[in-house]
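Read off the chains here:
There are 2 protein chains.
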Amino acid sequence: MTRQSSTSSNTAPPRRLHLNVNILHSGFVPSAWRLADADPRAFIDVKHYVRVAQIAEAAKFDAVFLADNASIADQINFRPITALEPTILLASIAAATSHIGVIGTASTSYNEPYNIARRFATLDHVSGGRAGWNVVTTADLGSARNFGRDAVPDHAGRYARAAEFASVVKALWDSWEEGAIVGNKATGLFADTDQVHAAAHQGAHFAVQGPLNVPRSPQGYPVLVQAGASGDGRDLAARHAEAVFSASQSFDESLGYARDLKTRAAAYGRGPDAVKVLAGLTTIIGATEAEALRRRDELVDLIPWSYSLTRLAGTLGVTPDRLKLDEKLPDDLSLPGQGNGNHTFFHATLAQGRQHGYTVRELIRALAGGGGHRVIVGTPEQIADDIEHWFKAGAADGFNLMPDTLPGGLQDFVDGVIPILQRRGVFRREYEGTTLRGHLGLAVPENRYSAERAAALAV
Amino acid sequence: MTRQSSTSSNTAPPRRLHLNVNILHSGFVPSAWRLADADPRAFIDVKHYVRVAQIAEAAKFDAVFLADNASIADQINFRPITALEPTILLASIAAATSHIGVIGTASTSYNEPYNIARRFATLDHVSGGRAGWNVVTTADLGSARNFGRDAVPDHAGRYARAAEFASVVKALWDSWEEGAIVGNKATGLFADTDQVHAAAHQGAHFAVQGPLNVPRSPQGYPVLVQAGASGDGRDLAARHAEAVFSASQSFDESLGYARDLKTRAAAYGRGPDAVKVLAGLTTIIGATEAEALRRRDELVDLIPWSYSLTRLAGTLGVTPDRLKLDEKLPDDLSLPGQGNGNHTFFHATLAQGRQHGYTVRELIRALAGGGGHRVIVGTPEQIADDIEHWFKAGAADGFNLMPDTLPGGLQDFVDGVIPILQRRGVFRREYEGTTLRGHLGLAVPENRYSAERAAALAV
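First to last, the sequence lines map onto chains A and B. Following UniProt numbering, the numbering of the first sequence begins with 1 at its first residue and continues without gaps. Following UniProt numbering, the numbering of the second sequence begins with 1 at its first residue and continues without gaps.
Bear in mind the hints are in silico, worked out from the structure with no lab data behind them. Beta carbons: idealized from backbone N, C-alpha and C, even for Gly. There could be a bad hint or two in this list.
Claimed, not checked - Chain A is nowhere near these chain B residues, computed Cβ spacing over 12 Å in every case:
1) R41
2) D150
3) G353
Claimed, not checked - Result set (BS3-like, lysine-lysine): computed pairs, CA atoms no more than 30 Å apart in a straight line:
4) K262(A) x K60(A)
5) K170(A) x K47(B)
6) K47(A) x K60(A)
7) K47(A) x K170(B)
8) K324(B) x K185(A)
9) K170(A) x K262(A)
10) K47(B) x K60(A)
11) K47(B) x K60(B)
12) K392(B) x K185(A)
13) K392(B) x K262(B)
14) K170(B) x K262(B)
15) K60(A) x K185(A)
16) K60(B) x K392(B)
17) K392(A) x K185(A)
18) K170(B) x K60(B)
19) K185(B) x K60(B)
20) K324(A) x K185(B)
21) K392(B) x K47(A)
22) K47(A) x K324(B)
23) K47(A) x K262(B)
24) K60(A) x K392(A)
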């Protein structure tokens with residue numbers, strides 16, 4: 001019903017497909033750095049990130065996205081890590097581009113709201129209104145130990161802190177009203193202090209007086225992005241997020257997720273267009289499906305098997321010696337269920353593998369070294385069909401693309417898939433604006449004090 | 001004696017003059033934003049900062065420098081504030097330049113060592129080895145209240161935290177040895193984990209396990225900068241800093257400061273060239289001295305007198321109504337003494353004003369709206385003479401330039417003063433390298449684990 005009403009309306013603007021590229025060093029398959037044209041040091045080379053961003057901007061992507069961690073990854077002997085701090089790297093990218101959005105991850109667990117509000121407001125200023133903040137909590141013990149803790153804070157505590165954190169950051173972003181900078185050279189009045197406001201926040205986790213020492217940024221607020229799959233995560237997203245990265249593995253689940261999220265958002269007084277659902281998607285592209293599958297197997301087979309076995313065993317909660325490459329998964333192994341937000345490609349592939357009797361090697365290939373997000377192995381046409389289907393049906397407003405290799409896999413997508421999506425009228429041919437909010441069709445948030453003033457005047 | 005021995009040696013490389021430009025929005029005189037060619041919004045416009053940096057790079061400056069605060073400034077109704085977060089803004093500047101160093105301020109009081117280590121290592125990576133960190137503690141109540149505190153931590157406590165903070169950051173910067181990234185495509189070995197080390201720090205203020213999730217940056221460590229004048233500050237500088245910003249007001253005091261600092265550094269086993277002393281210097285330039293003085297008075301008279309009176313009164317510890325513009329300072333007013341690190345231009349000018357019977361207006365003009373740093377009002381020749389004298393005598397290794405207006409005052413310096421310094425062989429005509437350490441003549445710190453390994457092999 002929702003779909004019908006939205007497509008039958010002649011007055012509503014057409015829905016737009018949104019595409020981000022997630023820049024994870026040399027690509028999402030852990031062996032990407034081993035290809036002949038890859039530089040193993042690309043993960044710490046700003047030129048690599050700029051090059052990927054420029055390819056994405058030439059193809060009119062909405063944004064580049066950077067993940068982040070607060071500790072070293074496991075198994076660094078086999079693959080690059082997420083090393084460079086995102087907001088700084090995104091400033092470098094913004095300087096070399098003009099339109100594409102720049103979304104960076106920062107944790108609410110090991111930062112202070114005042115610092116994060118400043119950094120993303122600054123990124124919004126230097127990028128001319130292209131910044132987004134991906135709000136995450138941090139759950140690994142390694143990170144906890146880098147910040148004076150012996151244990152990971154519990155799930156509910158992390159999300160309570162995150163929700164208060166996001167509220168404080170928004171309050172700080174409202175510190176300066178649009179008209180606060182007067183700059184009257186004749187009178188010498190620089191700022192109207194009546195339009196600069198304290199936050200005066202006192203909460204369970206934070207006491208922050210404010211005001212922020214950064215004037216209102218071009219987008220009002222940088223775009224708030226989130227990726228919560230759990231109940232707490234969905235609730236945080238429904239309250240604060242304007243774009244959500246989902247890891248849904250099937251069309252039906254993604255549709256259910258999108259509907260659930262938009263229902264939760266409505267409970268906070270937010271309309272269905274206020275939160276965009278972007279599904280994670282790894283692509284492995286070939287001129288034929290057989291060629292794409294060959295590419296996948298070649299990439300997976302370049303990952304040291306000890307790495308893949310350890311990773312799979314870790315996710316399954318067993319020791320690596322329980323898994324034999326050319327045997328099936330042990331029959332007595334209970335697979336993780338698909339409840340509690342575990343609707344990922346990983347869980348679906350496990351179930352499929354058991355059903356069809358995959359060997360461990362076949363299972364690892366089918367997972368394509370993926371980290372829980374969906375993988376499509378196929379031709380540009382097949383990938384475009386899938387994207388169009390999900391988009392038109394409302395299972396996703398767009399995709400957070402995680403190419404198998406970078407920049408190669410992105411270039412293949414741009415050369416092969418984008419023209420098809422453009423011909424079908426699904427994806428833009430030109431940018432219509434220069435801000436991330438503009439690309440995503442998100443409103444600029446009204447400053448709370450300006451709104452109060454307007455309401456008072458209207459009485 | 002030190003001077004003689006250093007100038008009589010034929011083998012030592014020539015000492016080099018170092019010049020940074022401190023980019024404080026539209027310039028160091030608070031009225032700079034009111035000039036006809038100034039944009040009042042320049043303080044939040046990345047293009048403004050990039051333009052200043054490009055002028056400085058064309059003139060072969062060592063670095064640009066950005067101050068920082070963790071709260072809003074007083075009297076924002078009269079002048080711009082330090083708004084944009086330095087590391088992000090410096091990444092933007094680095095992307096638009098190729099040689100000049102980028103030094104940013106970050107506080108040890110309201111950050112975590114792991115985050116700071118990451119950010120400056122990242123800035124060093126994206127700038128290709130041009131990053132510096134100005135280590136400060138934060139002493140204002142406004143900042144404390146933005147980070148959950150009701151009071152400012154005491155001086156000794158702030159410096160104890162800062163010293164431990166700097167030690168942890170250095171340990172984290174040593175996490176990855178130079179050879180840790182193997183990147184062997186044939187074998188699949190990406191990193192040699194024997195060359196990646198935990199910090200395992202347990203101290204009074206921090207517990208940080210490490211390793212840092214950023215590989216060793218181009219400079220080994222970003223350059224450590226500090227500006228402490230107090231005993232605690234000098235000690236922190238002697239232990240960790242490689243460049244120190246001083247606010248010395250007179251030649252003799254600066255010489256004493258430089259000698260004291262280098263003596264303290266020697267106690268930590270550091271040579272006299274391991275710490276560069278850069279004196280703060282505001283310049284107001286005219287074709288004649290009379291023209292320069294007119295420029296100064298015009299700029300000062302453009303500052304609202306209520307602002308200047310409030311600022312002066314605040315520094316003197318009296319209420320503004322005690323000060324009458326066209327009268328002398330009240331005779332019963334006790335001026336702040338020049339002890340305890342108070343050897344600043346401000347204190348010297350106060351003493352001079354009392355001696356010569358300045359009115360408050362004349363005193364405010366003589367201070368040129370300055371914030372405690374020395375002001376030279378004069379011709380390019382006079383300024384070059386002063387710089388050369390200080391430099392050759394060892395009262396400073398260089399200057400942290402704080403032009404009256406930006407970019408205008410810097411352009412005047414570049415057009416007028418730099419050619420004189422170059423003709424006299426005091427300042428470089430070309431860069432000899434591309435790193436900040438190279439410009440400053442500072443060694444790349446040896447990784448502590450690599451050093452241990454080398455020592456073990458040598459036995």
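Hint check results:
1. R41: violated (6 Å)
2. D150: violated (8 Å)
3. G353: G353(B) clear of chain A: closest Cβ-Cβ about 25 Å, beyond 12 Å.
4. K262(A) x K60(A): Distance ~27 Å between K262(A) and K60(A) Cα, so the pair holds.
5. K170(A) x K47(B): Judged against 30 Å, a Cα distance of about 26 Å means the pair holds.
6. K47(A) x K60(A): holds (20 Å)
7. K47(A) x K170(B): holds (26 Å)
8. K324(B) x K185(A): OK: K324(B) and K185(A) at ~25 Å, within 30 Å.
9. K170(A) x K262(A): holds (21 Å)
10. K47(B) x K60(A): holds (24 Å)
11. K47(B) x K60(B): The hint holds at about 20 Å.
12. K392(B) x K185(A): It is violated: about 42 Å lies between the C-alpha atoms, which goes past 30 Å.
13. K392(B) x K262(B): At roughly 16 Å apart (the allowed maximum being 30 Å), K262(B) and K392(B) satisfy the hint.
14. K170(B) x K262(B): holds (21 Å)
15. K60(A) x K185(A): With Cα atoms ~41 Å apart, K60(A) and K185(A) exceed 30 Å; violated.
16. K60(B) x K392(B): holds (20 Å)
17. K392(A) x K185(A): With Cα atoms ~53 Å apart, K392(A) and K185(A) exceed 30 Å; violated.
18. K170(B) x K60(B): holds (29 Å)
19. K185(B) x K60(B): violated (41 Å)
20. K324(A) x K185(B): Holds, at roughly 25 Å.
21. K392(B) x K47(A): Status violated; Cα separation ~41 Å.
22. K47(A) x K324(B): violated (59 Å)
23. K47(A) x K262(B): Violated, because 40 Å separates the two Cα atoms, which is more than 30 Å.
24. K60(A) x K392(A): Measuring from Cα to Cα gives roughly 20 Å; hence the hint holds.
Violated hints for the displayed structure, listed by number in ascending order: 1, 2, 12, 15, 17, 19, 21, 22 and 23.
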